[in-house]
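There are 2 protein chains.
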Amino acid sequence: MTKSFHPPKRLLMGPGPSEVDPRVLAAMSRPTIGHLDPAFVGMMDEIKAMLQNTLRTRNALTLPVSAPGSAGMETCFVNLVEPGDRVIVCVNGVFGGRMKENIVRSGGEPIVVEDTWGKPVDPDKLEDALKANPGVRLVAFVQAETSTGVESDTRTLVEIAHRHGSLVIVDTVTALGGTPVLTDEWGIDAVYAGTQKCLSCPPGLAPVSFSEAALERIRERRHPVQSWFLDLNLVMGYWGEGAKRSYHHTAPINALYGLHEALVMLEEEGLENAWARHRRHHEALRAGLEAMRLELPVAPTERLPQLNAVAVPGDVDEAATRRMLLEHHGIEIGAGLGPLAGKVWRIGLMGQTANARNVRELLAAMEHTLALQGHRLVRGAALEAAEAYYASTGEA
Amino acid sequence: MTKSFHPPKRLLMGPGPSEVDPRVLAAMSRPTIGHLDPAFVGMMDEIKAMLQNTLRTRNALTLPVSAPGSAGMETCFVNLVEPGDRVIVCVNGVFGGRMKENIVRSGGEPIVVEDTWGKPVDPDKLEDALKANPGVRLVAFVQAETSTGVESDTRTLVEIAHRHGSLVIVDTVTALGGTPVLTDEWGIDAVYAGTQKCLSCPPGLAPVSFSEAALERIRERRHPVQSWFLDLNLVMGYWGEGAKRSYHHTAPINALYGLHEALVMLEEEGLENAWARHRRHHEALRAGLEAMRLELPVAPTERLPQLNAVAVPGDVDEAATRRMLLEHHGIEIGAGLGPLAGKVWRIGLMGQTANARNVRELLAAMEHTLALQGHRLVRGAALEAAEAYYASTGEA
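Listed in order, the protein sequences are those of chains Y and F. Residue 1 is where the first sequence starts when you use UniProt numbering, and the numbers rise one by one after that. Residue 1 is where the second sequence starts when you use UniProt numbering, and the numbers rise one by one after that.
It is worth saying that the hints were derived from the structure and are not from the lab. On a predicted model such as this, the values are computed, not experimentally measured, just so you know. One or more hints might be untrue.
Pairs count within a copy or across copies, as identical chains cannot be separated in the list.
Below 25 Å or equal to it, Euclidean Cα-Cα: the simulated PhoX-like pairs (lysine-lysine) are [said to hold, decoys possible]: (1) Lys244 with Lys9; (2) Lys9 with Lys131; (3) Lys343 with Lys119; (4) Lys244 with Lys119; (5) Lys125 with Lys244; (6) Lys3 with Lys244; (7) Lys125 with Lys3; (8) Lys131 with Lys100; (9) Lys3 with Lys119; (10) Lys9 with Lys100.
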């Protein structure tokens, strides 16, 4: 007989999922009701409104796709790319590469603007690509590259794309809730995110939002959307306005309870306060890591506070360090991906993970783990540096 | 400020979602851990093994897709259909029609075998279609039509398709856990299901399984699978054998906790016992409904015990009846779809919903609701008929 599963106690400080608050877990355990129940439809409207606030948009077409962030990405591409379309995609990490793959599978022809992993998307290169490829109607890039911890300048990139008559898809999976995503102010046409990063829900849903211009593009399509499940024309029949909702697919009821509660918590805290919280604990973590003689390879102005790439020093074992953190301290941090595999760790401070207690716990465990491997450091210096930072801000 | 959402108390007796046991809800509220955590990977292996048992298959490629049943359907079609492929699809309800839509969007050419809504797929028509279209390599149909409550004879239909050299996709969304799905014995090549029917989980996951012949077909593809998210070559890297799992997408951790617990409960009960339980409570429900002079339009041998289509009598209002059941009794039942809209109700006895208490509650509430509208019936007769059936079986 198979036994019930009881997860071990973990502190999630990797690139996602992040720590989930007990309020969100409790919400997910409330009794399931029907996906067409009037009470459920009312909750869906609240989720849409709270997502609009979180994405800083008035886009009517704002909803959570019933699947993880990768399906949010696919929703954007299958609805906006038509067979034969040339699409400029800026690639500076794993998720830009995945965008390219989505373009190809949607029948489009990707024009790749390569940037160095660990650096932001270069606006000049995007501009050059647009000049070299007149008539391109779609540009895609990642605002917050989860694989490197780098933030690109969405405002500038969107402005350039629009100047050349192109719509823009932006990946904000790791950004949303941790760092500003100003959909309307920046003019983003299609944006997708995930729930398991700075929104601190379990994975399984992908918030998306589409501008009026993007909707117009979808309405003008010459070919049907290749995915039935992700076809926004159909999805909107269920998530659309008014009490009358037509059945499309069965929404993940309890996951949506969780997202609703996480968005209520974010509303209670205030979005700007959440951004400031991520920044503050990032600075404390950075101070502590540097006091252990660890290097953050991403330039300070290009760092995502919620996802910290840390160079693995030459005197320790990358994988063994992660294993020891997990097995001895119950702390999960992330490995590097692609060209950064073995070279960096990725330490997340996303959503509910971003608090002083977790920063202290990570620093203490990391110091212990590195010292065990003979890394030269001054015992206690990391925590002292973090405390000094917190003291300097006047907050704990 | 938006308030936390607390769902009203409901008894789910519609076409899904079904009642979710508190054990499953509790499992879903356990702390989230990482999707690459060794403890989580161990749980994934248990889910695969239990799904194999539930689907009665040894197929290595057996896993839950990270999205609702509709995405399970799409997984089967985008992986098995190539542009230009002719595919025979038997349509006797909404979900057969959705299969056709999936074939078109996958670039295939559907050859539709129409059957009457409320009747099973006709094996002779399938045989004729295969004879008239030599070289067709794929057949698809729905075993348990959720829109009508009809079961088709999967064993016979698969046998015919195989005799003509065709692989077979079978929709078992409403079947799995409630009525036999003998994947290997019947020779099904690709099967998908949902979690929110007779497995009694919240919606959000879609168990799928593929035979060796189906895998071979996928390996031989001339075109890449059009969906990145649902491409089995990639999904298998995460759900495959061994401890080494490569990241594809972030799995819905807590939903999988729930599915694991639901499968543990099914294992504890025994799959055959669950089938017998669905049958027993269906018979009690049927006896009660008939005692109220309600008609079950599907022929007795073609009925799904877990989903009962009931003809709306001429003297009552279809929608008002459902609304009164929901508002006065907290009971959700389903409406008819397509040509059956307004003509039938759909009463589900799926998974944990299938017990004597719920049968009694539904019959009492239905009697009250119909009597209020002036439907002629003998008060108390419905419950008496159900009790007489239970007494005849020697079980409560």
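Verification of the supplied hints:
no.: 1; hint: Lys244 with Lys9; verdict: between (43 Å within a copy, 22 Å between copies)
no.: 2; hint: Lys9 with Lys131; verdict: neither (53 Å within a copy, 60 Å between copies)
no.: 3; hint: Lys343 with Lys119; verdict: within (15 Å within a copy, 62 Å between copies)
no.: 4; hint: Lys244 with Lys119; verdict: neither (47 Å within a copy, 30 Å between copies)
no.: 5; hint: Lys125 with Lys244; verdict: neither (47 Å within a copy, 38 Å between copies)
no.: 6; hint: Lys3 with Lys244; verdict: between (43 Å within a copy, 23 Å between copies)
no.: 7; hint: Lys125 with Lys3; verdict: neither (55 Å within a copy, 46 Å between copies)
no.: 8; hint: Lys131 with Lys100; verdict: within (20 Å within a copy, 43 Å between copies)
no.: 9; hint: Lys3 with Lys119; verdict: neither (47 Å within a copy, 41 Å between copies)
no.: 10; hint: Lys9 with Lys100; verdict: neither (37 Å within a copy, 46 Å between copies)
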